[in-house]
Amino acid sequence: MGLRGEAAIVGIAEWKPERRPTAPPIFTLEQWAQLTREALDDAGIDPSEVDGICATNIRESDSFVPSTITEYLGIQVNFAEVVDLGGASCAAMVWRAAAAIELGLCNVVVIAAPSWPSPRPPNPPTGPSSWRYGASSANYGSPQAEFDIPYGNVAQNCGYAQIAMKYGAEYGYDPEALAKIAVDQRVSANHNPPAVFHNVPITVEDVLNSPMIADPIHMLEIVMPCSGGAAIVVAGKDVAQRSKHRPAWISGFGERVLHKTPTYAEDLLSTALIPAADQAFSMAGRSRDEVDLISVYDCYTITVLMTIEDAGFCPRGEGQPFVREHDLSFKGDFPCNTHGGQLGFGQAGLAGGMSHITEGARQVMRRGEHHQVPDADVAFITGNGGLMSEQVALILEGD
Amino acid sequence: MADHTVRPPLPTPIDRTQPFWDGLRERRVRIQYSPSSDTWVFYPRSHAPLTLADDLEWRDISGEGTLYTYTIARRPTAPDFAGEEPQIIAVVELDEGPRLTSTLVNVDEHAISVGMRVRPVFEDVPDSETTLLRYEPAP
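Protein sequence lines, in the order shown, are assigned to chains A and B. Following this note's numbering from start to finish, the first sequence increments by one per residue and tops out at 399. Following this note's numbering from start to finish, the second sequence increments by one per residue and tops out at 538.
None of these hints come from the bench; they were simulated from the model. Any given hint could be a false lead.
[To be verified] Beta-carbon label-pair distances, calculated as ranges:
no., chain 1, residue 1, chain 2, residue 2, range
1, A, Phe27, B, Phe521, 48 to 58 angstroms
2, B, Val524, A, Arg20, 35 to 45 angstroms
3, A, Pro21, B, Pro434, 49 to 59 angstroms
4, B, Phe521, A, Glu18, 45 to 55 angstroms
5, A, Asn57, B, Pro478, 17 to 27 angstroms
Glycine residues also receive a C-beta, built at the ideal position from the N, C-alpha and C atoms.
Make a model of the complete structure from these sequences and hints.
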C-alpha cells in the first residue's frame, strides 16, 4: 500500500518572510503566477508541462478556486485540488500530488501558498472580519460560535495552552526544556539569511522572561506572523531526473484528521500524528534511526515537543529530557527545523507550513548552504492543522 | 477596567440547541443522551457521534464534573474580550463523560489544578436572554 517513491520535489520558490511588508500588496492570482514561474525556473521546467495544481483558498474567489487559477495561468490540468487543513494543508498537498503522479494522472504539479497581503477593495464590506476569532468559526449554526467563542475559547493560543497544561498535568512541565526548543531553532535561523530572526539570537532566559500570553506559553514560544509566499513543483520520475537539482523523492506519508476544538478531543494528549507518522515510516520502509533531520510544524514549542514524541523519536512523556539531551540546531545531533522553524523563520500564513517542506527538500537536495546538515538523505516532515488535530507526515529522500 | 464598548459575543441558539439554553435559564443543566448506545452527548447534535443514531433525548444532569484542562489567558483571546483578562478558560469533563468549554469564576488562580472538582455557576447576561454556564471549585 502506498507510494513507490517515484515522484519528487524538484523546484522551490520562497519569498523572504517580512513582519512589515516592504513591497505593495499583490492579488493572490498574481502571487500564484509569480510563485509558479519562480518554482518552475528553479526546477528548469517549462510552464507548458504543468498538468496539475494544488491550491488553498484565494482572495479573488470563494469557490471554483482551481479553474480560476488555471484560467489565469493559461494552463489546462488533469488534477485540480483544493485542500483545507490549516497548517497541514501544504504537507497534505504534497502527498496528494505524489499520489496523482504515481496514478498516472499527471506529471508536473505546482503547489502554491501565496501569503502576501492582497490589495483592499476600494469599498470594503463593513462588519467584523471572518478572521475576528482566528480559525474559530462564528458562522450561524457553528458549534464553536455557540459553545466555545462566547467563553473566549478562541483559536489558537488558548487551545495550545490548554494542551500544554494538560501535558504538564500528565507528565510534568519543564519550562526550560520547552524554551530550549525555541533557542536551538533560533541558532539555525541565525544561519539562514531569509529568516525573520536571522540577526537576533536568544537565550532560555529570554524566552522565560518574555510575557506570559496564556499559561504556560510565553511570547517567544509563539510564531511571529509574517507576510510571504512559497511554491514547490512536484514531478514524476522522468521529469525529475532531468530537472536542475537532486530530487527530493516523496517516499511515505500519513494523514489523520480528528476534531476542530480541543474541548471535544477523545484524548487531548493522543495526537493525530501517532497514526500518521507510523504510516509514513511504514510506507517508506524507513526507521526513525535513518532520519537525518526533522522539519516539523512548530506554531508553538509544545507542538514540537509533542511531535518529537508522537512521531516516535522518543517515548511519550520523555520529550523534555530528550530535548535537554540533544542539540536541535542544524549542527546538532538531532537537527530539527534547520531553517529556524516558523518560530525563527517566521509564519507567513500557509507558507509557514510550506517552509517545513521547502526546508526538508532543500536539505535533501543539499541546498542548505550555511545551515546544511552534512550528507542529509532522509527528512521527516509534518504539517499540523488546527490544534494538533489535523496531522500529515511526509518522508523525503535523496537518490 | 472592562471596555464596555465591545462585549463578548453571545450564543445564537438554533432550534436543535434551544433546550440546552432554556435549561440554563431555569438553573438546570440538560444534555442529550442516546439510549441505543448508552452514551451522553455534548454539544447538542442531530445524530449521536460515531453511531449516528437519531434517538437523542434531553436529560437533566447535575452539571458537576472535573477540570480536564485550562489556561489563563493574560492577553484577550479576541478583541471582544478586552478587559476580561485574565480569562480562565476551562475544559470541564462532566461526570457523565462529555466535555464542554467554560470559564472558571470565584477561584484564586493559584488554587486551580487539573483534575479538581467543579460545579456549575449560572450567569444571566444582562440585557439579554442568555444564561452562560460558568464553573467554580466544588467545596
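Comparing the hints with the structure gives:
1. At roughly 50 angstroms, the beta carbons of Phe27 of chain A and Phe521 of chain B sit within the given window of 48 to 58 angstroms.
2. The hinted window of 35 to 45 angstroms between Val524 of chain B and Arg20 of chain A holds, with their beta carbons roughly 39 angstroms apart.
3. A hinted range of 49 to 59 angstroms for the beta carbons of Pro21 of chain A and Pro434 of chain B is consistent with their spacing of about 57 angstroms.
4. Range check, Phe521 of chain B to Glu18 of chain A: about 48 angstroms between beta-carbon atoms, so the 45 to 55 angstroms window is met.
5. Roughly 23 angstroms separates the CB atoms of Asn57 of chain A and Pro478 of chain B, a value that falls within the hinted 17 to 27 angstroms.
Violated hints: none; the structure is consistent with every hint.
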